[in-house]
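A.B. asks: Spelled out from the first residue to the last, the chains are:
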Amino acid sequence: MATAPSLLHLGSLMGGVRSVDQVAVEERAASLGKRSIKKGSKVWALELAIRMMDLTTLEGADTPGKVAALCGKAIRPDPTDHSVPSVAAVCLYPSLIAHAVQHLRGTSVKVASVATAFPSGQTFTTVKVTETREAVAAGADEIDMVIDRGAFLSGGYQKVYDEIVRIKEACGSAHLKVILETGELGSYDNVRRASVLAMAAGADFIKTSTGKIQPAATPAVTLVMMEAIRDFHRETGRSVGLKAAGGIRTAKQAVQYLVVLYETLGPDWMTPDRFRLGASSLLNDVLMQLAKEKTGAYQSGDYFTID
Amino acid sequence: MAPRLDVRKTYKLFVNGEFVRSESGRAYRPVAGVNVPRASRKDLRDAVRAARTAFDGWAGRTAMNRGQVLYRAAEMLDGRRQQFIQELGGGKPAGREVDAAVEALVWYAGWTDKLAQVAGTVNPVAGPYFNFTIPEPTGVVGVVATETPALAGLVRGIAPALAGGNVVVALASESKPLPALTLAEVLATSDFPPGVVNVLTGQRKELLPWLAAHMDVNAIDAAGCTAEELAAVQEAAAGNVKRVVAHRNGELSPSAVTDLMEMKTVWHPIGT
Numbered sequence: 001m002a003t004a005p006s007l008l009h010l011g012s013l014m015g016g017v018r019s020v021d022q023v024a025v026e027e028r029a030a031s032l033g034k035r036s037i038k039k040g041s042k043v044w045a046l047e048l049a050i051r052m053m054d055l056t057t058l059e060g061a062d063t064p065g066k067v068a069a070l071c072g073k074a075i076r077p078d079p080t081d082h083s084v085p086s087v088a089a090v091c092l093y094p095s096l097i098a099h100a101v102q103h104l105r106g107t108s109v110k111v112a113s114v115a116t117a118f119p120s121g122q123t124f125t126t127v128k129v130t131e132t133r134e135a136v137a138a139g140a141d142e143i144d145m146v147i148d149r150g151a152f153l154s155g156g157y158q159k160v161y162d163e164i165v166r167i168k169e170a171c172g173s174a175h176l177k178v179i180l181e182t183g184e185l186g187s188y189d190n191v192r193r194a195s196v197l198a199m200a201a202g203a204d205f206i207k208t209s210t211g212k213i214q215p216a217a218t219p220a221v222t223l224v225m226m227e228a229i230r231d232f233h234r235e236t237g238r239s240v241g242l243k244a245a246g247g248i249r250t251a252k253q254a255v256q257y258l259v260v261l262y263e264t265l266g267p268d269w270m271t272p273d274r275f276r277l278g279a280s281s282l283l284n285d286v287l288m289q290l291a292k293e294k295t296g297a298y299q300s301g302d303y304f305t306i307d
Numbered sequence: 308m309a310p311r312l313d314v315r316k317t318y319k320l321f322v323n324g325e326f327v328r329s330e331s332g333r334a335y336r337p338v339a340g341v342n343v344p345r346a347s348r349k350d351l352r353d354a355v356r357a358a359r360t361a362f363d364g365w366a367g368r369t370a371m372n373r374g375q376v377l378y379r380a381a382e383m384l385d386g387r388r389q390q391f392i393q394e395l396g397g398g399k400p401a402g403r404e405v406d407a408a409v410e411a412l413v414w415y416a417g418w419t420d421k422l423a424q425v426a427g428t429v430n431p432v433a434g435p436y437f438n439f440t441i442p443e444p445t446g447v448v449g450v451v452a453t454e455t456p457a458l459a460g461l462v463r464g465i466a467p468a469l470a471g472g473n474v475v476v477a478l479a480s481e482s483k484p485l486p487a488l489t490l491a492e493v494l495a496t497s498d499f500p501p502g503v504v505n506v507l508t509g510q511r512k513e514l515l516p517w518l519a520a521h522m523d524v525n526a527i528d529a530a531g532c533t534a535e536e537l538a539a540v541q542e543a544a545a546g547n548v549k550r551v552v553a554h555r556n557g558e559l560s561p562s563a564v565t566d567l568m569e570m571k572t573v574w575h576p577i578g579t
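Each protein sequence line maps, in turn, to chains G and H.
In terms of the working numbering, the first sequence is residues 1 to 307.
In terms of the working numbering, the second sequence is residues 308 to 579.
These aren't lab readings, by the way, just hints derived from the structure by calculation.
Predicted model only: the values in this text are computed from it and were never measured.
Straight-line C-alpha distance at most 25 angstroms; calculated SDA-like pairs for lysine to any residue:
1) H:K349 - G:L32
2) G:K39 - G:H82
3) H:K349 - G:F304
4) G:K252 - H:R328
5) G:K39 - H:G546
6) G:K34 - H:S347
7) G:K38 - H:R356
8) G:K294 - H:S347
9) G:K39 - H:M522
10) G:K38 - H:S331
11) G:K159 - G:G241
12) G:K292 - H:V548
13) G:K252 - G:W44
14) G:K294 - H:R348
15) G:K34 - H:A334
16) G:K294 - H:A538
Restraint-style ranges between C-beta atoms, simulated for each label pair:
17) H:P501 - G:D62: 32 to 42 angstroms
18) G:R249 - H:A433: 48 to 58 angstroms
19) H:K349 - G:S173: 45 to 55 angstroms
20) H:G546 - G:V127: 50 to 60 angstroms
21) G:R105 - H:V429: 49 to 59 angstroms
22) G:R249 - H:T496: 24 to 34 angstroms
23) G:V43 - H:H554: 34 to 44 angstroms
24) G:S31 - H:G397: 45 to 55 angstroms
Where is the CB? At the ideal position from N, CA and C, for every residue including glycine.
So here's chain G without its partners, still in its complex pose (with noise of 0.2 angstroms):
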């Protein structure tokens, strides 16, 4: 477990944090979304974002019904087709837990659930700390936590990393991932620096966004977390993981993460351990995609269910 640190080596790890040349990396991550992937490897990579999707539902009408249904798309994405693989997890609220806890169980999909006050964070630590550990004992196997952007914003980033560090160990066992919510960060350079924040507090995974405010994901923003997660690697030998959450729906779009993914962080996060996508509607577009690629006709809505 990671210990706080002194709040003089806070400041001097937030200071360390180099600057992000927007222009930069907003032209890098543009570029390599202009790549081709094609036939073969267009199949392996939409099947890779199968297996590394975290397929999600939040919302406030979410049912145990909803989440049955969801959780037999993510064992068996296409009921007609058995090679596709099942997703890495389920996203969920914690008082669903249970029930994919019981439709998941003997299977690959791990469940995830969000907690800490999502999607604002705006609450009290030791009520955090709670969720958190009920989540973990209902079953969770990843915890999706939101860090207090109030806090970090108005630069108490000592709280920021405290409250990851508490909730990290009401983790136990369970894997923790730090939502950033870049969309509410307001810079690249404040994207960075709360990456290598949560990262130091001791996070499995580092997210983009809950999904809920817009801009969420974005390639470039993407990008400027992964190679905060490079460069944390490089110096502390430690691999962290990334989940890109939040308006990513088409296959085409997934294919550009990955095609960002390997070319900053390489062949070693190209597995649903490092990485993952966290989505509703874009499995189906994947479906659909890869319905197109074996039958060789483009498909349509109407043959894929609707979770």
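Following the hints, complete the assembly by docking chain H onto the known chain G.
C.D. replies: For chain H alone, kept in the frame of chain G given last:
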């Protein structure tokens, strides 16, 4: 005053209410000195996607409103009469073809709000129910225009499909694509929402198999297909049980509209 420069026109595809070059960047020259975009399967894919997105809005319009929009297309087409005549090769036959195109638009515009009365039925049933059958639009319709007449053939394909509340992806005449692309300019100024009607030019053998096999296309008007092409279209269309319509000798007929519609029956209990 010096004579002004010649302003050469770049013909473009009409997809999702926008005039675009082919995604592939290719063109062909069916007419000396004119580049015409040679659409790829990806342009077709984009057009079908745009059409699907536009379908609910267009199908949800009142029949009268669809008629008004079609009638406006007739007005706009007539206003460009000289341009069409020139693109069709000039002379009296070209003039007659433009007349036929205008007539088809006006004729099907008139049918929009009468169709349900004529084609719909009240069915006698042995139970305490009212039983109605009404025609409903089928969805995305692929229209394969005749090579000649290039303009009137295309209009006779798209007008009945649109009148019934369908959305259209049209493949223009390969040898005479210019009137089709100018027709797109007419349609663009006729209040059709973006995506309701899309016009592609290019090689038929390149586009037709993708259209015929596309799972999100619900019907194909194959008036412009050869017998061989028709057989291939029918085979590929079986994948999602597309309706393939392929008769018509240039006649205007309300059945051209109902051929691209689905007859839906509702049961309504009497007395409630």
